[in-house]
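Since each chain comes alone in its own frame, lean on the hints to assemble the complex.
If you want the building blocks of each chain, they are given just below.
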Amino acid sequence: MSALAAIVRRELAAYFATPIAYVFIAVFVALAGVFTFQVGNFFNRGMADLMPLFLYLPWLLLVLAPAVAMRLWAEERARGTIELLLTLPLATWQAVVAKWLAGWLFLGIGLMATWGLWITVNWLGEPDNGVIALGYLAAWMTGGVLLAAGAAASALTRNQVIAFVLAAAICFVLMSAATPLVQEALGALLPAWLAEALAAASALSHFSSVAQGVISAADVLYWVSMTAFWLFVNVLVVEWKKAA
Amino acid sequence: MEALLRLENLHRRFGAMRAVNGISLDVPRGQVLGFLGPNGAGKSTTMKMAAGFLPPDEGRVLLAGIDMWRSPVAAKRHLGYLPEGAPLHDEMTVRGFLAFCGRVRGLSGAALRQALERAAQRTQLAPVWGQRIGTLSKGYRRRMGLAQAIMHEPDVLILDEPTDGLDPNQKQVVRELIRDMAKKSAIIVSTHILEEVPAVCDRVVIIARGRIVAQGTAEEIAAQAPQGGEPSLELAFRHLTGAAANGGRAAA
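Residue numbers (our numbering), protein chains in the order written: chain A, 268 to 511; chain B, 192 to 443.
One or more of the hints may lead you astray.
A partial selection of chain A residues facing chain B, derived with a Cβ cut-off under 7 Å [stated by the list, open to error]: (1) R277; (2) A345; (3) G347; (4) N426.
These are calculated hints, taken from the structure and not from any lab test.
Note that beta-carbon positions come from the ideal geometry of N, C-alpha and C, so glycine has one too.
The following block holds chain B by itself, in its conformation from the complex (with noise of 0.2 Å):
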């Protein structure tokens, strides 16, 4: 299947930290991965990459097949990007943003009014469509920051915690959410929350210590729990990235 996003060898260091230390991906059209590791691991630095804001040491990023660092805006015109933490101008109104982001994005005249409404309706924003940013409730303010990354269709999602600090009704509207979008896209979500990835994610990849540790479905992960016990994501998580932070010292 053709990769909508590609990740190849990705490198990135920060001083003599090294954050990001060669990590290659394909997402096809269809597939939400989910991007797992513990905090520190390198999953922002690598979505930051992946969205062209962060240039890479070394590696690539290719988007429907353009390479983001040789043509960033052409590259950018297919991606929609939630960064972490959903930063937002607290002064401008929920349509002003959006709208804001539409036109940047080309968009005008009927094509800007319907991508809004479109965005409005599949994000339930209509309540605070004229209300300004600054004042609105976290969840609504994330999902403020999913409607400007989904509300020109893009290729490809790239999503950096999108249901950090949600509720469990609001999780569960950003969840089908994605699900929705991934008939059409393909969708990188990081999280560090395990309970999200068997109801959102086709694939997972962990990664501990800027590596990838492991990458399967759910299922195959969950396998790898240690010492043959009852397949759990959770223990299989912990034992991976647990054993590379260690240094190897647990999988010995």
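With the rest of the complex left out, here is chain A (with noise of 0.2 Å):
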């Protein structure tokens, strides 16, 4: 565990010992800011609640969440440290599992410094915290399956550029399988069980009902196993690259 614990502990370092984890937050919570105050409209709509910023926060996990998984693996493998991380006396997945959950702390650090938010609609109304508690729950889980895929995507290049456009691709998909735009477009290409297979696997709808407050073992269950499933992949990734 000792050695888990400290791969997660630099890898959360290495976030902030360069000026991106700060411009990271600070466009994160602008955003936040911009969507929920400007784009969603809170306002006017006289409701004391954080639905504009659940509604929008989906989309700005599709672009934040590869923009910190981008670096996991692939600026290992640039700056060929991957050769001392993988001789170090712990197996893959324990490395696999580190760098995720450094990479899942500083999400979560992202949307907690949303906090401001929550201020403001407290101090305007009466919301219902749970049902706030639980769209924050469900960004973070959302973003955790996010990240998951992200990570893998980063395993298969030394480009973090290169390693952001796929992650992005594959979470774009992950999150918009079930919308009827993207099931049009997947019904066309892919066979029909697997078009649905993939709206059934999309993080959207799981995150939405959480957001509006209901949640249950289904969605805890998606999330868990989405993120073990991508993690999983993860791995395999990294082996097979360190074979080829």
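See the structure below:
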């Protein structure tokens, strides 16, 4: 366990060692504010809740989760430090889980940085804070799924830009597979059963229902199993690239 | 003597190219083995397989008797590895990076502090201890790489081109460190710098085109120089590796 904790600590510190972390959090908070107050029409709705935020948060995550994930493996590969990491006495899965965990904690910090929105809505009215808490939970868990998929994409390449684009593409399909627009496109390209399976694996429906205050075991199972699946893919990619 | 590092019939291809073609080696405790060969002969590929980074197509790697590819975590506990070019995390401090390596290796508290102090002293890193790795000179970077490889006093040290690109003074520091580590460890040092060999290595293996073409002490190898001339490691090296590279034409 100490090996895993050491890597989480190093990875998390690596985000904050450069201005990237601060830029990321600042942009995230600014965009969350813009979407909530401007685009989401917060003041004219006359409702004390954060629905405008949670309406746009999945699409924000679509860009931000790949941005957090892209460096996780591509940077190690570009620098050659992956050779050091994988010759230390730890299993590949430990490195994969530790890196993901660091990114997930970082994403959590980014979400927490939007506390101003939560304060504002409580100051202006009497929102259902339980629903808001569920919304944040849904965002963090959905972010975890996207991050795991993004980390697997990052392990495919030494180029962080390619890692970002690949991760964003995978995350987009994961997020929106159930929307009519994407279903139509997928239906034309893939056999019906595969398009339906992708729709069933869509992250958006789980996010939306939980953000509206309805959480079920199926949602939790979805987040946990999807994250585990992509972490497993990540391990396979690392092992495969090592052999290639 | 018991071999701490054993390579058994290692093979590795990249596409159609046979990078390593049946290399077997034993390195006992207390020995420094010089692993020589021209660029592209398969030195780094062999080192990567020995360190457990690259899986061999065929063959086995045993560290302290443990099969690297069956029990990788247990085997790697006995390993210190300096990859080619000494890759490091530039944004970390010297201390931060070494502490990270120590923690992953299970060191903590007083044991970690002790290992850090010892590594700093042996590699003379004290002057840059709190500095970011990205700001270090090449000599210090290489010593950083060595420090992480030796800090846990491993049984087996695998050093890929440890003195490449260093000035003569820095080379001397690294050589002394290797000799010092050899008292307790089995060490394999890859290099293409021949002047290095008599100063550091007890035994030499020369490879070309993925095969071992000669092995013995530096003197024994030097005696294989062609045409009964002066024994010379350089002439012998060129003769042995050139012969292999030219498909035996030079030997005929």
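Hint numbers not upheld by this structure, sorted from lowest to highest: Hints 2, 4 not satisfied by this model.
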